[in-house]
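K.L.:
Sequence:
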Amino acid sequence: MHARSAVVDLYGDHLRERGWWAPVAGLVALASSCQVQPAAARTAVSRLVREGWLVAQRREGVRGYAATPLARERLARAHERIYAARPRPWAGTWHLVVVGGDGDRRRRDRVSASLGYLGYGRLSPGTWASPWRSPELDETLAGHGAAWTGWTATPETDDATALAGRLWDLGALAAAYQQFAATLPEPTSLERLPPHEAYPLRTALVHEWRKFLFRDPGLPVEVLPADWPGQRVREAFLDVAGRLRPGAETFVTSTLRAAPDRPSGAADGRGLACVD
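For the sequence shown, UniProt numbering gives the first residue as 1, with consecutive numbering after it.
In case anyone wonders, no lab produced these hints; they're calculated from the structure.
None of the values given here were measured: they were computed from a predicted structure.
Hints may contain errors.
Stated by the list, open to error - Now the in silico label distances, taken between C-beta atoms and shown as ranges:
| hint | residue 1 | residue 2 | range |
| --- | --- | --- | --- |
| 1 | T188 | T250 | 18 to 24 Å |
| 2 | D239 | T43 | 34 to 40 Å |
| 3 | E235 | A162 | 22 to 28 Å |
| 4 | T161 | A182 | 23 to 29 Å |
| 5 | T250 | R215 | 31 to 37 Å |
| 6 | R50 | K211 | 41 to 47 Å |
| 7 | P89 | T127 | 23 to 29 Å |
All C-beta atoms in this analysis are idealised placements derived from N, C-alpha and C, irrespective of residue type, glycine included.
Input sequences plus hints: build the corresponding full structure.
P.N.:
Take a look at the structure:
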């Protein structure tokens, strides 16, 4: 697991219920339990600060880092998608978005990646479609400086399943779900797993599952093939993640409590410019 992912997943999966904050030493220790080197964890935190995801903050005399309001909002939305029990109800319409091109390839690539994450599939160059209008669309495209027009429509020629097949490679996506399912541990084997093993295992599984947010928009059942494996795999993942959560929470709590109350410039926190 990349250091950045280990830190981001920690905030989104555990620190959201702990005030979105952790001491530096705690961040480093929890990342280390996921095989992330301390230096890499500190570098990841510094980069997240520069990118506006984290902010240095002292709490009760202890220096650490808190998620910014923007990060909290994005992580909360991702959390909802990760742990959704099933796709949301669908009205039968599609949201179409036409994005203006300005010749800047890097911007187009960023726009494409962002629209894919928001659940839009490319219908044609510059035109995207999704079963739902994303609440993050306006802010995301504005952040890229991209001009766009959008509207809701109902296809006249393609049926919903055929259109979904044009927008997304459902065959490859189904195979990815089946491959992920093969990595899930047997639920009964988790009953006596100690906390220090439950946390890194759950973190790794959630991290891999989170990748589906970039590949699967959470399509409604009405547009999916009859033998679609996504929902079965989702239920299996949620079962395993739920069984691992108590042990993982115990490990996070004990690790944060054991984090030394010292300035971030010493020992585990060295190299981070932490301010009050």
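K.L.:
So the hint says 34 to 40 Å: do the beta-carbon atoms of D239 and T43 match that?
P.N.:
Given range 34 to 40 Å: holds, Cβ gap about 35 Å.
K.L.:
Given the range 23 to 29 Å, decide if the beta-carbon distance of P89 to T127 lies inside it.
P.N.:
At roughly 25 Å between Cβ atoms, T127 and P89 fall inside 23 to 29 Å, so the hint holds.
K.L.:
Evaluate the given range 18 to 24 Å for the C-beta pair formed by T188 and T250.
P.N.:
holds (20 Å)
K.L.:
Does the Cβ-Cβ separation between T161 and A182 fall within 23 to 29 Å?
P.N.:
At 26 Å between Cβs, range holds.
K.L.:
Does the Cβ distance between E235 and A162 fall inside 22 to 28 Å?
P.N.:
holds (27 Å)
K.L.:
Between T250 and R215, does the C-beta distance stay in 31 to 37 Å?
P.N.:
The hint (31 to 37 Å, Cβ to Cβ) holds, given that T250 and R215 are roughly 32 Å apart.
K.L.:
With respect to the beta-carbon atoms only, verify the hint that R50 and K211 lie 41 to 47 Å apart.
P.N.:
Cβ of R50 to Cβ of K211: about 24 Å, so the range 41 to 47 Å is violated.
The structure fails to meet hint 6 from the earlier list, while all remaining hints are met.
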